[in-house]
Structures are given as C-alpha cells and as structure tokens.
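> Below, each chain spelled out in residue letters.
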Amino acid sequence: MIINKNVNKVLLVICYLQFVICISGCFYASIAIRNFDDAIFDSAKKVENKIKDPVKKDIRLSALWGGHSTILLQMYNKVIIFDPYFNNHLGGVFLRKVETGLDVDYLNQLDLICVSHSHMDHLCYSSIGVLSEKFPNAKLVFPYGVEKYLPAFDVDMVRIDNRNVNPNKIGKTILIDSIMVTPVYVAHTGGRYAIDTYTWKVEGATGYILQYRDLCIYFAGDTGYDSTAFKKIGNNFKIDLAFIPIGPCRNCDSLGFRQHTSSSEGLLLFRDLNAKYMIPMHYGAIRYMSDENYPLVVLEELLNTTAYGDLKNKVKILKVGEQIIFNE
Amino acid sequence: MIYKLIVTVLIIFLDISIGFSQDYKENKTKEYFTWGLMQMIPSPTLYQDTDGNNSRVQFGLKWQIIPINISFKTNKYVSNSQFFMINPVRRFTGSIETFIQPEITIAEFKYSNIKSFGVSTGSRLMFPLVEYGENLSGSLGMKYTFRKSFDEVSKGYAGLEAGIYIFGGMIGLQYTQNFNSRTNYNVSLYIKYF
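First to last, the sequence lines map onto chains A and B.
So for the first sequence, the working numbering puts the first residue at 1; every next one is plus one.
So for the second sequence, the working numbering puts the first residue at 329; every next one is plus one.
Hints are computed from structural coordinates only; laboratory data are not their basis.
Take the hints with a grain of salt, since some may be wrong.
Said to hold, decoys possible - Label-pair distances were calculated between CB atoms; the ranges are: (1) K319/A <-> E354/B: 54 to 62 Å; (2) M289/A <-> Y360/B: 28 to 36 Å; (3) K169/A <-> F361/B: 29 to 37 Å; (4) Y76/A <-> K358/B: 45 to 53 Å; (5) I174/A <-> K358/B: 29 to 37 Å; (6) K332/B <-> K314/A: 53 to 61 Å; (7) Y513/B <-> V130/A: 54 to 62 Å.
In this text, all values refer to a predicted model and were calculated from it rather than measured experimentally.
For glycine and all other residues, C-beta sits at the position ideal for the given N, C-alpha and C.
Extracted from the complex, chain A is given alone in its bound form (with noise of 0.2 Å):
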C-alpha cells in the first residue's frame, strides 16, 4: 500500500514534469499537430524554371530570394547568403509548403554564409553543410551564442560579438573577406530546443548591416518591431536595400507581436529604416498559425492603403526562386 502511494506520487510529478515541457514547447507543439498530417502524407510544391544563374557578372546588387528566410544576395563580386535552408523538411516533421527556390548546383560562388539565430527554420545543418563542402573558402558567420548550436564545418567559422547591442546601440562592425559586418538589434529569441529559449532565454539572434563598396544592406532575421531601435539603424546606415519579416501573424494587420513582426509591423519597421527597397521574407514555406501565404495577402492589402501607399513602389515582393537585380 505504502509503496503503491509513492508510486502514485512519482507518477504525478512525473506527469506534471512531461506537462510542463508541453507547454514550454507549446508553440513548436502546436505548429507540429497542425503540420503533421502534410509532413507524412503531402510533399512540397515544386518550383520550375530555378534560375540557371545565380551569380552574374557586372552586377551591381542582386537578390534572390529561394523562400522562407533564405536570401542569395551578390554585392558586385561578393555573393552572401543568408540563413540558408533547402530542406523539404523542417526540423523532421514540418513539411515545407514550396520547395527552396535556390538550386545549390548552379550556384558558381559563395564569400559569405550569415546566419541570424539557431532557431530550426534558420540554421539548417545540411544546407549549410552542403554548402560548407562546396566552397570550403567561404565564411559562416553567426552571432554570439549560436556556436552552441552549430558542428564544426570545413569552413572558416567567424563569430561576431553582438552581446552589448542593444536598441540604442548598434554593434562592433569587422571586416569578413572585404565586406562590412555590423550586428544590429533584433527583438528576438536564441537557443532550438524550446527550454532553453523560453526558461533559459538564452542568446544568439542578430540583424545584419552588411556594407561593401557603396552599398548597404540590412538582413532582420528575424525580429519583433522595435522603433527606438530601427530608426537608431536607419538614422546610422543609408540602407539600400532591407530584408524584412513579415511574419509568421495571425492577425497580421495588427500590432503588438513580441518577437516577430506582423505585415504591418514590417511595413513600419521599412519606414523607420528609410532604406530605398524592401523586400519581405519569412513567409509562404511553414504553415504557422495561419495560412503561409496570408502575412503576403495583409501586406498587398496595406500597400493598397493611403497610409501605407507610399511605400507601394519600394515594396519589392519576390516569388519563391524570383531574383531582382538593381542596377542603379
């Protein structure tokens, strides 16, 4: 009987132990239920026509962006790319909605390899290996923190130190292979495995200012919105163009998101940027907890707005695998 009581209690904690790690990974929980069933049973519409060349010559500034957060981007004869992830598969079980629109083997040059957190649809351990072996001289750079979370590549890893930034303060810049690094704020989390981003909260998320020669961009990663600290990176860098999330967002013309930023969040974060382009990022892959493609529908909807009209022809929207190229 006495042993039967403490086998009940054991079972308790043990029961209330298995909840608390539930709702601790309840957001990737929930994401998990609701993408399950595609994960076995679906597979990831296919992109046509991948463009065949990537990297072209006598580019001033080009991006292509091959869905989700992954973006190729060539700066004259640097080519950067940024959280590379070109798995169907998210983490094992989420299904990508389309396919990356970055065919890796046409793919003829590769200087830097960014990576803005270790969240799992972010940092992608294959991609980045794959990568990694065909161009061993290229370099992954990633934020402080982040090197928990990655194995050793055969390439040069560099870590940046983003650890005094904060949204009145922009970070250290370094020079990484003749191209201008500076971590800039975001509003986000670090850490993969739930516990240690929501109870442990630990580090490793940055944005990026990458500048080289006359040009400046901006890589947000991912971010919650921000003024203070986006108008101190807009008032410091003349931002030619700006990679921004607009999502994932439920109510995606809303305000208040912590750690991303809904549509119109992105639209305001562009406008503290006064940067010249915009392209969107960060949705149309993984079904979050709305449609992918529904931060894309409130965005359109906003730029048809007065108050967001303005920005209509800065707005560049990208399909997956679509590449623009700015020559001016």
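Starting from the known structure of chain A, fit chain B onto it as the hints suggest.
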C-alpha cells in the same frame, strides 16, 4: 510534500516567457535547477524476467545521467568536453559519453531472483545518421549493471547496448543485450531532455 514540490516547480516554470537574445543574463542556478527537474523524467523500460523455464517482462523506469560527453564535431568556439548538462547538438553530431542509469522495476522480479533496484554504468558512442544526427542518430555502447541477486551470489552483469534516436537525440529506442541468463534483454523508450 508532493504539492509543495509541484507549486515550487510551477513557480519556476511560470518564468516561461520570451527573453530577447541581447538581454541575456546568465543564471546558472535557474538553468541547473530546471535542467535537474528535466532529468527526473524517466525512460520507461521493459526487462526480461526469467528463470529458464518461465519467462515474462517486467516494467520499470530508468533515469539517464551523462557525467561526461566528449564531442568529435565541436567548432573552435566550444570545448569538446561537457559535463552533466549536455547540449543535444554535441551528442547527436558524433560523440562518446559515459553514462549512469539508476533503474527500478515497478514490482519485484518474479522469476529472475534479482532485486528491483540497480545502477548501470558504461559508455556509448553516438553517431549521426540523418541531418547531422538531429533527425536520426544511433548509438552503440557497453555497460555493467550493478543489481544484486537475492541469494547474493551475483552482484551484477555486463551488457551491450544499441540505440536509435529522433528529435535531436532526445527521444529514442534502446535495446540492451545482457550477459545474464536471468534477464537477457531490456528495451527502453529513451527520454532525455538536455
């Protein structure tokens, strides 16, 4: 007592929230405390219980403690050895580790004439299979289980262990072949969160 423990755990975990990366303040006490709670989650295990003529399986629980992990794939910013609180990435990408597994069966063995409580210790090699091991990894190891028989003739037995893991090496299936005719094998649903 149990309710006090639950309330304490609840208070600790009420701190689940979004903390922005650049606001990080190291709090090792909290990290180790919550990590320690996670280690209380056992791996359900089935043990063979036989005397040669009769055979059945006995349900039990096993806890996973890893005192030392030496990784083969760490980058230049991270030490190749880590103690107790092991980042899953270093485990599933390829590593060797020692482990201690306290284990207990819910009821006494019926035929095996061995005690319900035991402690296994040994070492295992973990290797990646799919997506650098994050989606699928495997392990091979050997161990010795200290589990006395009621007649005190036997103090324990050796065994070979093989495992396969998903979800960053946190959930898996482990099979152990023991060199003991009274409990030839056991099969565990492996659970270890960090």
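> Please go over all the hints and tell whether each is borne out by the structure.
Structure-based check of each hint:
{"no.": "1", "hint": "K319/A <-> E354/B: 54 to 62 Å", "result": "44 Å, violated"}
{"no.": "2", "hint": "M289/A <-> Y360/B: 28 to 36 Å", "result": "33 Å, holds"}
{"no.": "3", "hint": "K169/A <-> F361/B: 29 to 37 Å", "result": "32 Å, holds"}
{"no.": "4", "hint": "Y76/A <-> K358/B: 45 to 53 Å", "result": "48 Å, holds"}
{"no.": "5", "hint": "I174/A <-> K358/B: 29 to 37 Å", "result": "32 Å, holds"}
{"no.": "6", "hint": "K332/B <-> K314/A: 53 to 61 Å", "result": "59 Å, holds"}
{"no.": "7", "hint": "Y513/B <-> V130/A: 54 to 62 Å", "result": "40 Å, violated"}
The structure does not agree with the numbered hints 1 and 7 stated previously, though it agrees with the rest.
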